[in-house]
Structure formats: C-alpha cells, structure tokens
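K.L.:
Heads up: the sequence shown is residues 1073 to 1350, going by our numbering.
Possibly wrong hints are sitting among the right ones.
Here are the computed lysine-lysine pairs in the DSS-like style, where the Cα-Cα straight-line distance is at most 27 Å [to be verified]:
| hint | residue 1 | residue 2 |
| --- | --- | --- |
| 1 | K1144 | K1286 |
| 2 | K1321 | K1189 |
| 3 | K1321 | K1096 |
| 4 | K1185 | K1286 |
| 5 | K1144 | K1176 |
| 6 | K1321 | K1144 |
| 7 | K1096 | K1176 |
| 8 | K1286 | K1189 |
| 9 | K1321 | K1176 |
| 10 | K1176 | K1189 |
| 11 | K1176 | K1286 |
| 12 | K1189 | K1144 |
| 13 | K1185 | K1096 |
| 14 | K1096 | K1144 |
| 15 | K1144 | K1185 |
| 16 | K1286 | K1096 |
Please keep in mind that the hints were generated in silico from the structure rather than gathered at the bench.
Remember, predicted model here, so these are calculated numbers, not experimental data.
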Amino acid sequence: MSEDAGHLRRTASALHSFNRFEIKYLLSYQDVPRLREVLRSRMEADPFTVRGGYPVSSLYYDSPSLRYYWEKIEGLRFRRKLRIRNYGERHELTDESPVFIEIKQRVNRVTQKRRVKVPYRLARRLCDEAVLIDHAPEQRPFLEEVLSLIEGHGLRPTAITSYSREAYLGSDADLGLRVTIDHRVRGRDRDFHLGAEVENRLIIPPQKAIVEVKANERVPYWVTDTAARLGMGVVRVSKYCQSIEAFGKAPRSVFHVPVEEDYAVHSKPEHSETARVP
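Construct the entire structure; sequences and hints are all you get.
P.N.:
Now the structure itself:
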C-alpha cells in the first residue's frame, strides 16, 4: 500500500450523496434576526453554527468556454458542476486538511450532490493535475467520473466563492429540512489556492443574505409563510454564476443580483473576511 493510499484510508470518507429540492431567497440583513428567531423556535441549529456561522469556501472548475456557467444560465434540465469545498478558516487550511470533492448536479427540479472527503493535496492532484488518486473501492466510480469530466471538458480552476453560513436542521415532521443563511458572499477569479491570503470581492450586495431552503420531499407551509411575511424574494441566483458575472467573465444574465461598483472599491481583504454578521 502506498503512503497516499494509507493516509487516504485514515482521512477519507465513503461516497456521500444527497437528493433535495431547493428554493433560494434574498433577505435584507435587518430581517435576519426575525428569520433566525423563527428558525430557532422550530429547528435545531447545526452544531457548527457558532458565533454567527462557519466559513465555507468553494473552488469551481469549468471549461475555457464556461460550459457549466452557460448550462446554468440556459436552464438545462440536466447539468453539473465540479468543485472543491472547504469548511473552516482559510488560514488553517494545510495540505492534509480534509476537503470535499463534489459534483453538484440538477436533474429536472431535484438537486443532487455527491462527494468524497480527501486531504487537500489529493483533491488538487486529482482536479488540477488530472491524476487518479488512491482511493477506497467504493469511491472509484465517483473519482473516475470526476476525472472524465476534467479530461473530457478541459476543466480548470475558474472561480472561488466564500461566505459565512448559519445552518438549521429540521426534525420530527420536518425531518430532512435544512435552512441556511449565507452572509457576506464573496468571490475571486484568481489565486485559486483555497488558503490564499488574498482579497475577495463582494458578489452579493453587503446588506443582503442568501437563504436556501432544502427539503427531501416538500417545503413545509410554515417556511413559505415565514418567507412571505418577511418579504423574502425567490431568486434563481447561483453563487458561482454571480462570481463569473461580477468579474466580467461573461455578460450579466437576467438572474444577476446587481452589485454596485463601489461595493468592490470599499471591500477590504481581511476586514471583509472578519466582519461581524447580524
């Protein structure tokens, strides 16, 4: 057994998959406390949701022609995205830190997410160098699919998105329900190491949060009723597409959430990363 193989078996997870319906909303920061109060009365806070949320950073891969971006914009019934996702502070990320290699795909109205957890250095070896890494037997079909996408579509690092996430989990009658509130959604189009200490630009207006409602079968009535009472607008926003458009890599679509130019001017590297959320 190689050193990589032994290490992988100690740190990697089996393949995990999720099938869910998703609805996204934009919510003004001034209304976040009201939503939080409702969620806490009906749901359990994710154990990682402390001090206003936990950091999430994702590196997205796309072809030179932005194939995955255009599949989203055109609303194809079947579409996929490949990304490496890190949960945690970027200054704590090392080559041995566990990250997720994920394929997120849409099949009609259902969102499917499949992923494996591997050390960051192995994730980069697979996704950046197109080298099949050592793996557990049950992971092979997924890793081969990732490799086929990279080679078949000429994928390369394209954009990074980062934000602070609060998450709430349903139970009993709402089992399978998950609601997240994403604050200070930022992105960049270069310096593609997830741990790089570089500036990120706001890609969603700073006074707005993205709320995602995910359910296995149906969204409970109390959730849609709460959204209506708070004036939450349903949006078809993609953080990846928002980043692509914010940096001028593609024309802004009808789904783009406007971000005035002065937001970028006033975004500061570390000030933006550590700003408090409501």
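K.L.:
If a hint holds in the structure, say so; if it doesn't, say that too.
P.N.:
Hints, verified against the model:
no.	hint	verdict
1	K1144 <-> K1286	holds (19 Å)
2	K1321 <-> K1189	violated (30 Å)
3	K1321 <-> K1096	holds (24 Å)
4	K1185 <-> K1286	holds (12 Å)
5	K1144 <-> K1176	holds (12 Å)
6	K1321 <-> K1144	holds (15 Å)
7	K1096 <-> K1176	holds (16 Å)
8	K1286 <-> K1189	holds (22 Å)
9	K1321 <-> K1176	holds (22 Å)
10	K1176 <-> K1189	holds (15 Å)
11	K1176 <-> K1286	holds (14 Å)
12	K1189 <-> K1144	holds (26 Å)
13	K1185 <-> K1096	holds (16 Å)
14	K1096 <-> K1144	holds (15 Å)
15	K1144 <-> K1185	holds (16 Å)
16	K1286 <-> K1096	holds (9 Å)
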